[in-house]
Structure formats: structure tokens, C-alpha cells
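K.L.:
As they're listed, the protein sequences go chains B and U.
Residue 200 in my numbering sits at position 200 of the first sequence, with consecutive numbering throughout.
Residue 55 in my numbering sits at position 55 of the second sequence, with consecutive numbering throughout.
Simulated from the structure, these hints should not be mistaken for lab results.
Check each hint, because a few of them may be wrong.
Derived coverage of chain B by chain U (criterion: at least 3 residues anywhere in the stretch with Cβ under 8 Å from a Cβ of chain U; other residues may be distant) [as the list claims (entries may be wrong)]: (1) 71 to 77; (2) 80 to 89.
Below, a sample of chain U positions facing chain B; criterion: calculated Cβ distance under 10 Å [unchecked claim]: (3) THR27; (4) PRO29; (5) SER44; (6) ASP46; (7) SER69; (8) GLY106; (9) GLY107.
Note that the Cβ used here is the ideal one computed from N, Cα and C, for glycine as well.
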Amino acid sequence: MDTKKILAIIEAIAKRIEAEKNFLTELDNEIGDGDHGINLARGFKAVDEKLPTFADKDIGAILKGVGTALVSTVGGASGPLYGTAFMKAGNVCKGKMEITEADFVAALDAAINGVKMRGKAVEGEKTMLDALCPAYKAIKVGIDGGKNLIDALADGVDAAAKGVEYTKTIIATKGRASYLKERSLGHQDPGATSSLYMLQTTLEVLRST
Amino acid sequence: MVGIVIVSHSQKLAEGIVEISKMMAETAPIIAAGGLDDGSLGTSYDKILAAVEEVYSSDGVIVLMDMGSAVMTTEMVLEDLNRPNVKMIDCPLVEGAVLAAVESAGGRSLDELSELIKDSRTANKF
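Chain B on its own, in the form it takes in the complex (with noise of 0.2 Å):
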């Protein structure tokens, strides 16, 4: 995976975002505070901008870039864990102009940890983790038994959309759904929405290209 590819998912998710912000807000209505759809959106907007900027940068600091760039514009609790999450995958990618399978997943799992560091989460607690963490453990399961990247991949969004689905079963305890208690069952967690979305995007990306 090069750079040229890594800048395609970065627009496409953006794209993404944008088309599902009010699907987004709609949920998080629900259970939280109304925001996430309408956060991402300006977040990605605003690294939909920058995206010129880092046509000639490694993938470590197009991660980081997009990362800062959520940090610093999104306003909600997916700023500082998405922002986290791209900044850690950027370290995995420093100074890299491509990407290996084995990079791939490095990048996924120091993501995925940044955001349990940041949001001081698991899995379980109806988060993003529900949806990142299965798709995680299938992508590597894939890898590792010597799948390529899609058809791992495909793998890990088929484990997150089912972690969509779990979060509907299971009582909100972190983020403002927590609040609820068990009133937050029924409805799927927004940030697992919008992380199945991203690993849904990239898997199309890379399907078509």
C-alpha cells in the first residue's frame, strides 16, 4: 500500500463521513449528545482540505496529519481517541512510503490502543473498541493464516459490523451514553457506526484500485 492509495482512503472516508453525517447524529440523538455525525464531519472536512498538503509526505506523517487535523477541529470525544488513534498508526508508519500487510495491522493494533489509552476503555463497554477490536483479532487471524489484505480485511469489517450489532445488547459504561444506563440498550453505539464505516471505506478503496 502506497501513499497515493493511503491518500484515496483518507478522501474516500471523508467522503463517507460527509454522506452518513446525519445517519450519525441521528444515533448518537439517542444515546448521546447529538454531535458525533455533525463532529466527524467538520473534523474530516477539515482533513479533506489539508489532504493537498501531504501529497508529498511518508504515510506516517499523512496519519499524523489527519490525526492533528481531527484533534484540533472535531470538538467531541471522537476528536482526541480518532485524533489518537491516526497519530499512533502514523508512528507505525514513519518515514514509510509504503506499507507491508504486517505494517498494516502494527498500525491497526497502535491505533486501536491509543484509543483504549486516550478514552481509558475496553471492549464491551459500547464504544468504538466494539466494532475496532473484533475487526483487529479477524484482520490478524487472516494475515497471519497468509490471506492478502482484502480478503483479511473483508474479514475484519464482516467482525465489526457484527460489533455494531453487539453494541445494541449491551448497557452503555463509558462516554455520554453511560448516563442512560440500561435505557442505551437497543440502540448501536454511533463510534463503532463510524469505525465500521472507516475499515467499510478502506476495503472499498482498496477493492477498487
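Could you slot chain U onto chain B? The hints should help.
P.N.:
Chain U in isolation, oriented as in the chain B frame:
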């Protein structure tokens, strides 16, 4: 005097807390970092950073925040600043801010102030 920054999703809430604190301690270097640049609800990395810089002195700064992204964004600002005399404290925002303003104006050090504010966690209103 130790600088104090109030981080909130709401500009009005942050400014209101500064207002209440100043009633008790007019001279305290306390400043609001609330809402986003356009005044809408949210927490702004740039606003928090600018506020910390504004009240910073060698005496240090404490940052008090409301919840969620206010805590996480403050954490990122402090990591990037990497100054040991800029600290974030977990406490009830209004009570902590009033206490901080009074004690800062009274000349307490950063460490003393940090410990005192932690007491506000267990203070009962009645």
C-alpha cells in the same frame, strides 16, 4: 499566582464559572476555554492551549474540566506542552474552580493547590 483554566463544552458555562470564581478572588488568574471557535458546543484544542499560555507563569497552571472530550482534549494539550507545572485535576467543576481561585489568590503553590482542590471531591453541599 497559579493560573487556572476552566474547560467546558459550553462557552457560557466556562465563562460563568470564571465569573463566580472571580466574585471570591478578583485577582486570581482564571480564564475560560469553553465551546468551539464559533461559540457552538464542544471542546477546542486551540482554545485550551491558548488559555493555558495566557495564564502561564513559572508558578504553573491547573486545568479543570467538565467531562468526556473536555478531559481528553485537555490531556492531549498537556502532553504536547510537556510542562510539568501544568496539571489537570479531577474535581467538581464549580466547587473546584472557586476553591482554586481563592487559594491561588492567597498565594498557594501548584502542589498545595492541587491537593486542596482534590478535597472538593468529597465536600458535601449539605
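K.L.:
Identify every previously stated hint that the structure contradicts and give their numbers, smallest first.
P.N.:
3, 4, 8 and 9
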